[in-house]
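> Residue numbers (our numbering), protein chains in the order written: chain C, 1 to 115; chain W, 1 to 116.
Certain hints may be false.
Unchecked claim - Lysine-lysine pairs mimicking DSS-like chemistry, simulated, CA-CA at most 25 Å apart:
hint: 1; chain 1: W; residue 1: K68; chain 2: W; residue 2: K58
hint: 2; chain 1: W; residue 1: K69; chain 2: W; residue 2: K58
hint: 3; chain 1: W; residue 1: K111; chain 2: W; residue 2: K68
hint: 4; chain 1: C; residue 1: K9; chain 2: W; residue 2: K111
hint: 5; chain 1: C; residue 1: K71; chain 2: W; residue 2: K68
hint: 6; chain 1: C; residue 1: K57; chain 2: C; residue 2: K9
hint: 7; chain 1: C; residue 1: K70; chain 2: W; residue 2: K103
hint: 8; chain 1: W; residue 1: K49; chain 2: W; residue 2: K69
hint: 9; chain 1: C; residue 1: K57; chain 2: W; residue 2: K103
hint: 10; chain 1: W; residue 1: K49; chain 2: W; residue 2: K111
hint: 11; chain 1: W; residue 1: K68; chain 2: W; residue 2: K49
hint: 12; chain 1: W; residue 1: K111; chain 2: W; residue 2: K58
What the hints assert, rightly or not - With the Cβ distance kept under 7 Å, some of the chain C side facing chain W (calculated, not the full set):
hint: 13; residue: L13
hint: 14; residue: D38
hint: 15; residue: G40
hint: 16; residue: G42
hint: 17; residue: Y48
hint: 18; residue: E52
hint: 19; residue: T86
hint: 20; residue: F90
hint: 21; residue: I100
hint: 22; residue: F106
hint: 23; residue: G107
hint: 24; residue: P108
hint: 25; residue: G109
hint: 26; residue: L112
None of these hints come from the bench; they were simulated from the model.
All C-beta atoms in this analysis are idealised placements derived from N, C-alpha and C, irrespective of residue type, glycine included.
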Amino acid sequence: NAGVTQTPKFRVLKTGQSMTLLCAQDMNHEYMYWYRQDPGMGLRLIHYSVGEGTTAKGEVPDGYNVSRLKKQNFLLGLESAAPSQTSVYFCASTGGRGAIDNEQFFGPGTRLTVL
Amino acid sequence: AQSVTQLGSHVSVSEGALVLLRCNYSSSVPPYLFWYVQYPNQGLQLLLKYTSAATLVKGINGFEAEFKKSETSFHLTKPSAHMSDAAEYFCAVSAARTGGYQKVTFGTGTKLQVIP
């Protein structure tokens, strides 16, 4: 059981370049989330998905797009990277129909630097 | 609306000393509260959670937290710090299910340093 995995672990982009971050979970969870973590700001929700084929905006969605074509995968895309998107990105998932007392399971993170 | 405030972005303790990490919450409805730990270069993992069953919650690695409604607090404690406890700790509140998902608000984190 790998849990939640993220690809890649590290990436350096130039301003204007695009990339896709991949999140995969093997726990059959319905709910998946993308967060970004910045120093002194905790985790902020970018986008989330409540099931295969559905996505929705979180707190800070601008500059990002997502897709959930398969239940186990949640992709985060940056179409035109900006230095403000330099951050550590975490994917998380939760089961149990998204109940508010559920534990979220996190991936190891992707450290992205935009020059 | 929901929010959490973690007092102290950095806390240092000696090995064997008491660990106390502070968290205060704000919620318009009864909250569910969590403590997550993040070891260097890893994702967050759950330490413990409060779901109203008991005010004193025990978690992994000897940590516990007490829910105090009158003080709107959920401080994390451990009687004796170990070197392996050095990590960043996040308090989080979940008090709403908005748009069909679990809305979790994380605090800004407290980095715990353990001095040998």
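> A separate judgement is required for each hint: does it hold in the structure or not?
To see whether the hints hold, each was checked on the structure:
1. W/K68 <-> W/K58: Judged against 25 Å, a Cα distance of about 15 Å means the pair holds.
2. W/K69 <-> W/K58: 17 Å, holds
3. W/K111 <-> W/K68: 23 Å, holds
4. C/K9 <-> W/K111: 22 Å, holds
5. C/K71 <-> W/K68: 39 Å, violated
6. C/K57 <-> C/K9: 24 Å, holds
7. C/K70 <-> W/K103: With Cα atoms ~23 Å apart, C/K70 and W/K103 stay inside 25 Å; holds.
8. W/K49 <-> W/K69: Within the cut-off at roughly 15 Å; holds.
9. C/K57 <-> W/K103: OK: C/K57 and W/K103 at ~12 Å, within 25 Å.
10. W/K49 <-> W/K111: 19 Å, holds
11. W/K68 <-> W/K49: With Cα atoms ~14 Å apart, W/K68 and W/K49 stay inside 25 Å; holds.
12. W/K111 <-> W/K58: 21 Å, holds
13. L13: Because about 20 Å separates C/L13 from the closest Cβ in chain W, which is outside the 7 Å limit, the hint is violated.
14. D38: 10 Å, violated
15. G40: 6 Å, holds
16. G42: 4 Å, holds
17. Y48: Hint holds; C/Y48 Cβ to chain W Cβ min 5 Å, cut 7 Å.
18. E52: 14 Å, violated
19. T86: Violated, about 17 Å.
20. F90: Interface hint status for C/F90: holds (6 Å vs cutoff 7 Å).
21. I100: 5 Å, holds
22. F106: The hint holds - C/F106 has a Cβ within 7 Å of chain W, the shortest such distance being about 3 Å.
23. G107: 5 Å, holds
24. P108: 5 Å, holds
25. G109: Holds: closest Cβ of chain W sits about 6 Å from C/G109, inside 7 Å.
26. L112: This interface hint is violated because 14 Å lies over the 7 Å limit.
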